[in-house]
Amino acid sequence: MKLIFRGVRGSIAVPGPKTLRYGGNTTCIEIRGDQGELIILDAGTGLYQLALTLFGELPIEAHLFITHTHWDHIQGLPFFIPTFIPGNTINIYGAFDPVDQKNIRQILSRQLEYCYFPVRESELKATMRYTTLKERQTIQVGSVTVSNILMNHPVLNFGYRIECNGKSIFFTGDHEQLYNIYTPEEEGWAEYQQYVTEKNKAITDFMRGVDLLVADTSYTIQDYPQKKGWGHSTFDANIEMGRMAEVKSIYFTHHEPIRSDDDLERVFQEAIERKNVPTLGPTCHLAREGLCVEL
Amino acid sequence: MAYSETELFSLMEGIPAFPHSGYRILQLTNDINCPPKKLVEVIEQDPILTMHLLKLVNSNYFGLARKITSIKQAVVFLGLNTMKNLALAIAPIELLTASKSPAGPLTGVLRHSLTTAIIARKLARNLGFAESEATDGYVAGLLHDFGKVALYRLFPGQYTTILERRDLTETAFIDLELREVSTTHAAIGELMGRRWSLPDLIIQSMGGHHDADRCAASPLLACVFVANLIAQKMDRGHSGRSTRGLSLPSSMIHHFGKDLDALTASLGLIADEIDHALFLTTLQEEGPMAPSMRQP
Ligand SMILES: [Zn+2]
Ligand SMILES: [Zn+2]
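Protein sequence lines, in the order shown, are assigned to chains W and C. Numbering-wise, the first sequence is residues 1 to 295 according to the working numbering. Numbering-wise, the second sequence is residues 1001 to 1296 according to the working numbering.
Only chain W is shown next, with the shape it has when bound in the complex:
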């Protein structure tokens, strides 16, 4: 199995001289199974870069798993060229929207309504298949198995575990570490803490032992107090989560749009030293657009 980062930025695409090394496109990850199966995690603007590499292998069968439908994770989808070409098959998977009571097809086809886009969903030429996933539903794609668990974000967000012939990857999508909304002296604290502990354990158990953890790392611990509750995590929290889950390596992604390449490397280095990663592990890397990791 191999993984290629196609977009590593959070929130909004930020092209320009300050993001040249790590890239300005929003979330998109390409994963290839051992038999060439094409799995795509999220459809941020990085999806367009991926599309450009696919012309040599048309027609394709792609399996696109959406962690959640915030803009930065779906905005590349209307520009995913294979959807306009007959013969391609695009399978899209994602969560149900409980608030507006919409399935993944209904959510995504809104992006293609008249006022947003010139081509309607029903006019796409590829064969489009949609699957609204339940939590922990497992999808088999050739030699690749994809399963999911709900994470913590302001909208339902699935973290995906991808396995192929003994190798494994976990992608958090957007995720903030859980915390207690009560203070210890308040009445609700103990009950709430019990659920937080249970949910944290469920998440770490689900990703246990993966070769690669790809984690939303929008913030530094200095940023975090002002952004608590926004649904994103920090370098430090991810290192701790990775250790609890005994993962072999961590790739930090969903970089803050405001962070220049130099700043990104600096805050990464600070976190690595603060958490004593060289001694205690696991190995940590910054996700970079175009970076290919072979497992």
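It cannot be assumed that every hint is accurate.
Using 27 Å as the maximum straight-line C-alpha spacing, the simulated DSSO-like pairs for lysine-lysine come out as follows [what the hints assert, rightly or not]:
1. W:Lys199 <-> W:Lys248
2. W:Lys102 <-> W:Lys199
3. W:Lys199 <-> W:Lys227
4. W:Lys201 <-> W:Lys125
5. W:Lys228 <-> C:Lys1258
6. W:Lys201 <-> W:Lys275
7. W:Lys227 <-> W:Lys275
8. W:Lys227 <-> W:Lys167
9. W:Lys275 <-> W:Lys248
10. C:Lys1067 <-> W:Lys201
11. C:Lys1038 <-> W:Lys227
12. C:Lys1067 <-> C:Lys1038
13. C:Lys1055 <-> W:Lys201
14. W:Lys102 <-> C:Lys1055
15. W:Lys228 <-> W:Lys199
16. W:Lys227 <-> W:Lys201
17. W:Lys199 <-> C:Lys1233
18. C:Lys1055 <-> C:Lys1038
19. C:Lys1067 <-> W:Lys134
20. W:Lys199 <-> C:Lys1055
21. W:Lys102 <-> C:Lys1067
22. C:Lys1055 <-> C:Lys1067
23. W:Lys199 <-> C:Lys1038
24. C:Lys1055 <-> W:Lys134
Calculated from the structure, these hints are not laboratory results.
Mind docking chain C with the ligands on chain W? Use the hints.
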């Protein structure tokens, strides 16, 4: 023979208390900085709202791997924002029915009230009101016919017959109320509003939504009045009145600067929003979800 105020008050002993939690949730969710534990507390104190939410999050369509048994647990497992938005979607129903589920003859009243609420909010936004005031307009619209809910509770037999008469004009409907139950939904609504010490806007809306001059005194109240008219047009047959000859009273024109047709057109595409709100009122474990889950 009409009731005296004392007689009405003693009649009202039989009506459940005002569902303050639904109202609080509509208010709290307006504030992006509302502390999470406040919201949890308001929901937890209301068994009916709690039951509604737990039913919703445990429904099959949601697809959770684990059964959720408390509101705190739901917040941890689904996230605060999702729970907040679900509570916001359910609060109006809670506020309006104050019972486990809308009873059959009241379905039309519920539908009409939600439609009025959504239109009143939209009109208020269009007039440039801040979101918190537009929400006040929404709540006032939602509760304008609360007197009908009360009268149905007090006189289920007679009032069912009245609610079923969908051919009547507004005046004829009120005459029939006076004949059959010796009071009107507006009169009892206003009394209840006072007794529950509700905000004046809601009291005026419950008591004065048929009185154009009274509503013209406040632009938000005018929104409710007009929303009620438009909802009657849209909802023909459900509000209990015929819609022949509806037009904007002259005392209202200065608030809006448009006639009723132009105002209706200015609402844009709100049918979806109304359908969605109505759908949640009939939410069951299985059933109404089925069509949207169908996939090619
Ligand atoms: Zn994001
Ligand atoms: Zn997000």
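Tested hints:
no.	hint	in the structure
1	W:Lys199 <-> W:Lys248	holds, 22 Å
2	W:Lys102 <-> W:Lys199	holds, 25 Å
3	W:Lys199 <-> W:Lys227	holds, 21 Å
4	W:Lys201 <-> W:Lys125	violated, 44 Å
5	W:Lys228 <-> C:Lys1258	violated, 46 Å
6	W:Lys201 <-> W:Lys275	holds, 21 Å
7	W:Lys227 <-> W:Lys275	holds, 21 Å
8	W:Lys227 <-> W:Lys167	violated, 34 Å
9	W:Lys275 <-> W:Lys248	holds, 16 Å
10	C:Lys1067 <-> W:Lys201	holds, 17 Å
11	C:Lys1038 <-> W:Lys227	holds, 19 Å
12	C:Lys1067 <-> C:Lys1038	holds, 24 Å
13	C:Lys1055 <-> W:Lys201	holds, 25 Å
14	W:Lys102 <-> C:Lys1055	holds, 17 Å
15	W:Lys228 <-> W:Lys199	holds, 18 Å
16	W:Lys227 <-> W:Lys201	holds, 24 Å
17	W:Lys199 <-> C:Lys1233	violated, 50 Å
18	C:Lys1055 <-> C:Lys1038	holds, 21 Å
19	C:Lys1067 <-> W:Lys134	holds, 13 Å
20	W:Lys199 <-> C:Lys1055	holds, 20 Å
21	W:Lys102 <-> C:Lys1067	holds, 21 Å
22	C:Lys1055 <-> C:Lys1067	holds, 10 Å
23	W:Lys199 <-> C:Lys1038	holds, 22 Å
24	C:Lys1055 <-> W:Lys134	holds, 17 Å
Hint check: violations occur at hints 4, 5, 8, 17; the rest are consistent with the structure.
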